[in-house]
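*Asks:* If you read the protein sequences in the order shown, they are chains A and B. Quick note on this note's numbering: the first sequence kicks off at 1 and runs consecutively. Quick note on this note's numbering: the second sequence kicks off at 1 and runs consecutively.
In case anyone wonders, no lab produced these hints; they're calculated from the structure. Incorrect hints may have been included.
[What the hints assert, rightly or not] A few chain A residues facing chain B, derived, Cβ under 8 Å:
| # | residue |
| --- | --- |
| 1 | 3 |
| 2 | 4 |
| 3 | 45 |
| 4 | 57 |
| 5 | 59 |
| 6 | 60 |
| 7 | 85 |
| 8 | 87 |
| 9 | 104 |
| 10 | 148 |
| 11 | 153 |
| 12 | 156 |
Positions of the beta carbon are idealized from the N, C-alpha and C atoms, including for glycine.
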Amino acid sequence: MRRLGYSLVVGAAGAGLVHLAIVLALPAVSAENTWNGVKQALPPDRMVRSGLPVFAPDPFFRVAACRVDLREGAVRVTASGSVSAWFLSVYAPDGSGLASFSDRSAPTTLLDLRLVSPALAGSAEAAPPANPPLEVDAEEALVVLEVFVPDKSWSAATEAFLSSAACQRAAEGQ
Amino acid sequence: MLAALALLIAVGGGAASAWLAARSLDPVSSGPGWHALPDRAARASNPYRRDPAGRRFALDAKAGEKLLLVATQSDSGAPLRSDCTYKLSGRMPPSRIWTIAALDTSLASPGASLAGLSSTGAVWHPDGSITISMGFEPAPGNWLRLSGEARPFVLLVGLYDTPSVDSGALNDLPLLAIRREACRDMPQ
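Build out the structure end to end from the sequences listed, making use of the hints.
*Replies:* Shown next as structure tokens:
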């Protein structure tokens, strides 16, 4: 009986040490794991809707996301259709915000965004002056498109909008 | 045999408690009332911050014109539970769109939406303030349905296209008071 008690005490003390070790190790691992997690979940330059790590906890919003690699050139994000409201945010690999738009603040209510990295901004092909490329200070970024769904009557239009959302390498002159 | 038991308790217990600690809300951001979801600066200083539903990857929730706020307790400091009734009252910060949702925090279905209300569906008082009832029984006016079970939940408020983003102090923003009225296991 006493030996059982000993092993329980030793076990509990050991649990404390293991807890401490894991908790102290977490910070070094978590930041890297988050962007790595994103890269695993999202292939580059493709708008993804399902199987996403959850980027938007608000249940009133449907979300699509695209991981972009700007080292090879500009990336163009588009979507078409009519929804209640849309919000597009661009994040750096550490989670900090780089840029954001909504259907109110964008140059037009159409969603047509060109992203370039600073290295390639100077050599970017001429784009329509009404829609200049957005220079983001990152080589890799996460684009998150959130659409507001006030109620079920907006579901079909939201679905169509998100299905049309595309994220692709911008061809020359586009 | 007993050594193996000690080892099992050490590794299993330590890992489980660390996992639970990592999933739970950051004690700094807990407490009564509303708290902004972590921004980059806050995350740099405290890497354990998590969004209310225990998910791991938290983007800068104040990027752009959006602000996410979370509450885990009533104004008196009692954890939010689905078997209680609550009254939320006051004003919302100015924004084009706002949403409020009760989210399940149980390990079984973290982040599941229990009930929600958005600015498009809300009813306002003539003076611009708002009252929202939360509970199992239907209530007139704005009502968020709770399950009636003794399970915790969190409230998530989203403000979109809001000029409130840059306000460093939430104290400057009008926010809803969260008052607990009664719970099933308490004398009425």
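*Asks:* Failing hints, ascending?
*Replies:* 3, 11 and 12
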